[in-house]
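Q: Taken in order, these protein sequences are the chains called A and B.
Each residue of the first sequence is one higher than the one before, counting from 1 in the numbering used here.
Each residue of the second sequence is one higher than the one before, counting from 1 in the numbering used here.
Please keep in mind that the hints were generated in silico from the structure rather than gathered at the bench.
Take the hints with a grain of salt, since some may be wrong.
What the hints assert, rightly or not - Examples of chain A residues toward chain B, derived with CB under 7 angstroms: (1) I197; (2) N202; (3) A236; (4) L247; (5) G258; (6) L262.
The beta carbon of each residue, even a glycine, is placed where N, CA and C say it ideally should be.
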Amino acid sequence: MSELAVDLTHGDAHHDDHADHGPQGWLKYLWSTDHKVIAMQYMFTGMFMALIGGFMAYVFRMQLAFPGIEVPGYFGSVSPGEYNALVTNHGTIMIFWVAMPVLLAAFGNYLIPLMVGADDMVFPKINRLSFQVFFVSTIVILASLVVEGGGFAGAWTAYPPLSADSTYNLTPLGSTLWLIGVGLEFVAFLLGGINFITTLMNSRAPGMRAFDVPIVVWMIVVASILFMLSVGPLLAGAIMLLFDQTLGTGFFNPATGGDPILWQHLFWFFGHPEVYVVLLPAMGVVIEIITTFARKKLFAYRTVIFTIVATGVLSFFVWAHHQFVAGIDPRMANIFTVTTLLISVPIAELCFIYIATLYRGSITLSTPMLWGLAFVAEFLIGGVTGIFLGAAGADIYFHDTYFVLAHFHYTFFPIAIIGTFAAFTYWFPKMFGKMMSERLGKWHFWFTIIPFNVIFIPLFVLGMGGQHRRIYNYQHFPELAGDGFQSMRIIATVALLVMLAAQFIFFYNCFRSWRAGAKASKNPWKANSLEWTTESPPPHGNWRPDRMPVVYRGPYEYSVPGREKDYWPQNEPK
Amino acid sequence: MTAHTTILPFRPRPERRRKLVSNGVLGMLLFVFVEVMLFAGFISAFVIIRSRAIGSVWPPPNQPRLPFEETAVNTAALIASGVLLLIAQRMHLRALAAAKAKLSRGSPASQPPPPSPLPASPGVALLLAAATLLGGTFVALQGVEWVALIREGLTLTSSTYGALFYTIIGAHALHAVVAIGVLVWAVAQLLRERLTGEAISTVALFWYFVVLVWPFLYIQVYL
Chain A
1 MSELAVDLTH
11 GDAHHDDHAD
21 HGPQGWLKYL
31 WSTDHKVIAM
41 QYMFTGMFMA
51 LIGGFMAYVF
61 RMQLAFPGIE
71 VPGYFGSVSP
81 GEYNALVTNH
91 GTIMIFWVAM
101 PVLLAAFGNY
111 LIPLMVGADD
121 MVFPKINRLS
131 FQVFFVSTIV
141 ILASLVVEGG
151 GFAGAWTAYP
161 PLSADSTYNL
171 TPLGSTLWLI
181 GVGLEFVAFL
191 LGGINFITTL
201 MNSRAPGMRA
211 FDVPIVVWMI
221 VVASILFMLS
231 VGPLLAGAIM
241 LLFDQTLGTG
251 FFNPATGGDP
261 ILWQHLFWFF
271 GHPEVYVVLL
281 PAMGVVIEII
291 TTFARKKLFA
301 YRTVIFTIVA
311 TGVLSFFVWA
321 HHQFVAGIDP
331 RMANIFTVTT
341 LLISVPIAEL
351 CFIYIATLYR
361 GSITLSTPML
371 WGLAFVAEFL
381 IGGVTGIFLG
391 AAGADIYFHD
401 TYFVLAHFHY
411 TFFPIAIIGT
421 FAAFTYWFPK
431 MFGKMMSERL
441 GKWHFWFTII
451 PFNVIFIPLF
461 VLGMGGQHRR
471 IYNYQHFPEL
481 AGDGFQSMRI
491 IATVALLVML
501 AAQFIFFYNC
511 FRSWRAGAKA
521 SKNPWKANSL
531 EWTTESPPPH
541 GNWRPDRMPV
551 VYRGPYEYSV
561 PGREKDYWPQ
571 NEPK
Chain B
1 MTAHTTILPF
11 RPRPERRRKL
21 VSNGVLGMLL
31 FVFVEVMLFA
41 GFISAFVIIR
51 SRAIGSVWPP
61 PNQPRLPFEE
71 TAVNTAALIA
81 SGVLLLIAQR
91 MHLRALAAAK
101 AKLSRGSPAS
111 QPPPPSPLPA
121 SPGVALLLAA
131 ATLLGGTFVA
141 LQGVEWVALI
151 REGLTLTSST
161 YGALFYTIIG
171 AHALHAVVAI
181 GVLVWAVAQL
191 LRERLTGEAI
201 STVALFWYFV
211 VLVWPFLYIQ
221 VYL
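Make a model of the complete structure from these sequences and hints.
A: Structural data, given as structure tokens:
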């Protein structure tokens, strides 16, 4: 696994030879302030962490399907403590070290300056610092897995008292490192978020008005704002939890007058907006792809922006739907049920906007488009099942079952995996100057999407049957050990194996396209936004200083009647 | 919208527009938002834990009271420091604007003025130094207060009351120390005739945050 990551970064090193000023060689990658290099650093770190998170999923799914098996590649069978550490860190890594760095940080860094027509971020050094802090956080979280006592095993939500007291969680060092790693990671994204917002506000190309900005940039910026508004309370909570762990304070300990539910409030006050922090960039990516490959103007540009702002505001008032069984006041549960059901309205609206944009377009089913359409379809399932969980009555039954788990993966898999593949395949020609193989891309697509559904649909059924999460071995529970249940677990695990194996098609495709792919032109998809007006890959500074782009119109002018070409780049006066 | 889709209004070749807020100030504003939310998190934790106090007795019995009156002196020093900084900032910005006007009168309008040392009036330097010193006084008095409290038996582990006090007030003190460091840097920049308007505004914004969040903490935690 680590060899593969080295390979990837190595490939990157050869690739970006054009950034030929400042420090040379490998040092350049530590100290470069170019937003594209930083984006690549985030991307490849995120992909490396995705491999680790995927490997964890493989190990614990094997344990669930075949309890007690010697998992191939894991050096032995999984102990209960290891199982808990694996599920905990799978969640933590996939959300904080895969979804956020790739979708928000990598694509935010790569796209924002290019799409608004700037030569770099506003604060390049802060940007570099952001990645450096993130890199340290990556090392800390990886170290937490191998220290004495093992990695933190108290679930990614880290509820006290389990997370606060090492006499309960038995991982004194692992849980502290876990907390420090997560905290550092938040600091990294804060620094990044300041850059994103300031760059959009202050560095737009001449002529680019607020409503000429591509939606994906809006989405990333709104996501950054949500992140920055929500992360403060969690950082406060993390500091208090760290003190509980290491200094012996009792913020979350009822025996000393503390309150364990307090952590849940602070965590979910961040945790729910966090869903939208990663959702919005993915939705923005899909909008860019759908308009390009349907050759059609985005339906209701301004409505999209108002909708995401509404979503953002609402997302701050739904957090307690995670706590319906935590002993909160039933009247409060009613309020949070209402707000939770309300937030599905703007998201459904976005889905309708996708469909309206596709309607009567001339659709090309290229690989990025397939990923984009899959995002809409799969996320819809995640959204609809979320409505059951948002209603307090149903949630009390479903709470902490595999239904929640399947719902969660039906939202986060489309976001973090499908959204990333959509974005990656769409901008690959720009990032590396080569076209990807469509044939391999489609094989990879189908071998990811079909197994994904085969993994998680059985989990909905298992959850409705009452199967609780975070249980090491269901054979210990006679009512959950039945044949029907166990065969569904085996189906899910086998599908996971297929899906993981399919990712090698992707890596092979990347590698082969990068080495021997057809050379990409400036604008291979015939799209409008500014990043397609520069070279592929863009040089240091993005455009020649005397040819910085100037903007005359919005980014979605496809198939304008009376024009010869069916697209109209933002920088063309006529 | 329908008109927009078919006929696009003609736009003349656009010019780069003036920034609404300078990069540094905007970045700092965003950072301050995060900090405000951080302290909001602390305050809500404080309120929730206080509301759960056994028998609704707060502060808990056997714990020393916080020195509300002595800290008022402290608070006054901090607020005075903020006011001095505000005056210094305005004076410096005015001096910069005057210097710029003078330069542009001297040179042809089309050419950008050459880089030049920025004005550093002794008045601004004095005010900045005084603001920094008052900030330092605030932190020093806090330190004295902490030593006394620890002697009286209020520690991180003595109760959630003590834990909250040291965490919240300590977080604020940490911000104050960092901000004082930045103010010292600003004084040094000023003396080297390098303090730009953007720099002083950015630095000042952070100090205003430290000053303005304090009364809330003071009333919430000490009272």
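Q: Each hint: holds or not?
A: Consistency of the hints with the structure:
no. : hint : in the structure
1   : I197 : 6 angstroms, holds
2   : N202 : 5 angstroms, holds
3   : A236 : 3 angstroms, holds
4   : L247 : 5 angstroms, holds
5   : G258 : 5 angstroms, holds
6   : L262 : 5 angstroms, holds
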